[in-house]
Each structure stands twice: as structure tokens, then as C-alpha cells.
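Input sequences plus hints: build the corresponding full structure.
Residue numbers (my numbering), protein chains in the order written: chain A, 135 to 365; chain B, 733 to 945.
Just so you know, these hints were derived from the structure itself, not from any lab. If you're wondering where the values come from, they're calculated on a predicted model, not measured in any experiment. Warning: the hint list may mix true and false statements.
Claimed, not checked - Covered by chain A, per the in silico footprint, the following chain B stretches (three or more residues, Cβ under 8 Å):
#1 770 to 784
#2 916 to 926
What the hints assert, rightly or not - Think about it this way: if two alpha-carbon atoms lie no more than 27 Å apart in a straight line, the pair counts; the simulated DSS-like pairs of lysine-lysine are:
#3 A:315 - A:328
#4 A:190 - A:136
#5 B:903 - B:892
#6 B:893 - B:903
#7 A:281 - B:893
#8 A:195 - B:822
#9 A:195 - B:793
#10 B:903 - A:281
#11 B:822 - A:199
#12 A:204 - B:758
#13 A:204 - A:190
#14 A:199 - B:764
#15 B:892 - A:204
#16 B:848 - A:160
#17 B:822 - A:197
#18 A:197 - B:764
#19 B:848 - A:328
#20 B:903 - A:328
#21 B:793 - A:226
#22 B:793 - A:138
We treat Cβ as the ideally placed atom computed from N, Cα and C, and that holds for glycine.
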Amino acid sequence: MKRKIPLIITFVVGLLVITSDFIPHKPFGTLVSGLENWFMIISAFAILLGTLSLIKVSVLKIKFKNENWKYYILTLVSFFVMLLFGLFWGTKTQSGLFGHGEAISSIIGLKPFDYLFENIYEHLQATMFSLLAFFIASAAYRAFIAKSFESNLLLGAAILVMLGGTSIGSYLTGWLPESLKFLHLPNIAAFIMKYPNTAGQRAIIVGAGLGIIGSSLRIILGIERSYLGGS
Amino acid sequence: MELFYSRLGVWIGVLFTFAIFSFLYKDNPFYKVAEQIFIGLSAAFWVVITIYDTLIPNLFKPLSENFGGNIILLIPAFLGVLMLIRIIPKLEWLSRFPIALLIGTTAGISFLRYLKSDVLNQLTATMLNPFAASDWISMIGEILLIVGTICGVLYFYFSKKHEGALGTSAKIGIYFLMVSFGAAFGYTVMGRISLLIGRLQFLMGDWLNLIAH
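Here is the structure:
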């Protein structure tokens, strides 16, 4: 029962979704739209589960005083502060349990949730990603060692795309006459992006798409069962 | 008062920006503090958005407005609660039912979506007549596009050893993939650099008022 019923559910639901695409009439059409709504609701609970798991891990680290346990207190504090602000006074578009929090907004200029979002969350997120600009440089140093024809292609394409996307690229080849405009760096970059890059991406997309179709069939037919876990 | 909180917000943003950048020197307590706060805020942000954008309009509101008419929504709500039970190790198996529903729906949707958009549509878009192109650059480009796509797909065919005609095609396929990876890398670098420029603009403009913003 612990394994067979979930397998049957997967098979029936998967088959229903596929059938509804070929027979978009009653009852399949309505059944599938209802199912999609269920999917959204359960997915929302899955996000809550992920959050519960984060809280559990943080609490256990604090309880057993694991390495760096003090920092996990900050995780919990920041989580609950942001959560309560959002639930009490809502977000930019939503009203919370205590309304829109006009009194607070008139003092700090924004709702508390949005204040934290704009002044902390957005900065942390943007800086975290911009940090990768430095690490990507060291990764490039290792990846771009021109030792074979393939790595030369990688290096050449990356340099041309980067130069073509910046003002220095336009400046370097801006003097070219009209008849040689196709050698203008921004044009070369656009050509690479439009044709060879699309060809490579398309091959990857088709390959991955076929793989996903195969995996979906394996899941629906119950051949692939790893999502059910161990025992 | 509003101006004070606005300036305070900028200063908080600056402090966290420097705390994250301090990682460039080495892992340190400032970075760890900023990192953990980021994790906490991210989790809370997504919980709040999920509640307001998914659970309230699709579950709580229909049930509170017309309970009898929407009683069927109690099933996904019950399955959602079963999903949360996963956190209790002894009852973990109960979460397999909602997971089965999610996986079944995802597999069905993926099967159709990828068949249409990632296989059929991509192949249709590759079926071009390069000799009908408007200029010779587009003609060369379209020939490259057709050859590159076919050879690239052949590279991913692993059921036969890559030798002879298949080997040559696969080799050409690798060349196109390499150009594609290079272009993608170049684009990613530019994206990250533009984020870095955005951060510097914030520090120089919003904080120090050295540049117009």
C-alpha cells in the first residue's frame, strides 16, 4: 500500500494529463483544469515544507551547538521578522491581518515587509550575484586555456560576444567601411548569438527534451520509482 | 521622519553590500551574518508570496466564500497537510501520496510541453531554406544553423560508437556546442559585470552621492 497506491496515482494522473491534450472535451478538460489547481495548492505546501525543513535544521544546529550555531539564530530571527511583517501588514499589493499598516508606512515610507525587501533583501541578492563576477574571472582563467581547437572555439566565441556587447567593441571596429560592416564586432557578436549559438543551444534543447520525455514516460509507467524514497 | 528611514535603508543596504563583498578577502563573520540573514529573508519572502498569491486565492478564499461549492478543495488541502507530515520521520511515507500526484502531473505536463516546444517546435524552426535568405550573411548563418543543429543532435546519440560518418558529424557537433558554450559564458560574464556595476552605482550614487542616479 505504501508504494503501490502512489504508483497508481502517478500513472492515472500522468495518463489523464496526456489524454486531456488529445481529447480536450468533457470530462478530461475539466478534470485536468481541476488537477492543475490541486497541483498549485500542493506545490504551495511543498514550499512550506521546505521552510519547515529549514527551521528544523536551524533549530537542531542551535540545540546541539554545532559549528557556527550562533549564525543560525540570525536565520530564524530574520525569517520570523520578515514573515510576521508580511502576515501582519501585507505586501505592496496585499493587505495583511492588521490591514495595510498606514500608520507605519507614513513613518518609514513603505510597508515593513517592503522596507526589508527593498533595503536588505534586494541588496543582499544583487551583491551575492555580483560577487560571481569575480569568481567567474578565475573560472575563465582555468577554462580558457587554449590547448585544443575546441577550447580555442570556446575562447574565441566568448571574447567576441563580450567585446561585441561593450562600447569598446564598437570603437575598435567602428572605422570599417560600409562594405565590411559584417566584420564590425557587434555584428559578429550578433551573428554568433543568432546562428552558431542557436544551433548549439537547439541541439542541447532537443537532446534534453527527448531525455525529459523518456524520463516522464518512465515515471508514468512506474519504471522510475526513486521519488518514492527507500523503504 | 520618512527621509531618516530612507537614509537608514541606504546605510543598511551599504553595510550588507560590504559584508557580502568581504568574502572576496576570505570567509569571515560579517559575510556569515549577511549570508544567514539572506537565507532567512528569502525563505520568509517566498512563504509570504506563496500564501498571498497561491494559498489565499486558490484555497482559503474559495472555501471561505462558498464552502459547500468548493468542498472538493479539501482534498488538495488534506494532501498538502500530508506533505507537511514528511517532517515527522515515522509518518514520512504518508507524503508519498501528494508527491505522487505532483510527480504524475509534472510528468504528464513535461511529456507534452517538451514534446511540443523542445522537440517539434525546435525541429520545425530548423527546417529553413537558406537559399531563400535575403542576403549572403543570412544564407551562411542559416546553413550553419541547420548543419550545427543536426550535428549537435547526432553528438547526443550514444547508442552507436562515434566513428565514421557519425563520428565526423559528432565532431562538428562538438564545435558548435563549444561556440555555444563560449557565447553563453560571455553573456553570463556580461550579466554578472552589469550586476557589479549596479552595486557600484548604488554605492557611488545612492550612498555617497558622487554620481547622478
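- Return the numbers of the hints above that this structure violates; sort them in rising order. Result: hints 9, 15, 22 break, sorted rising.
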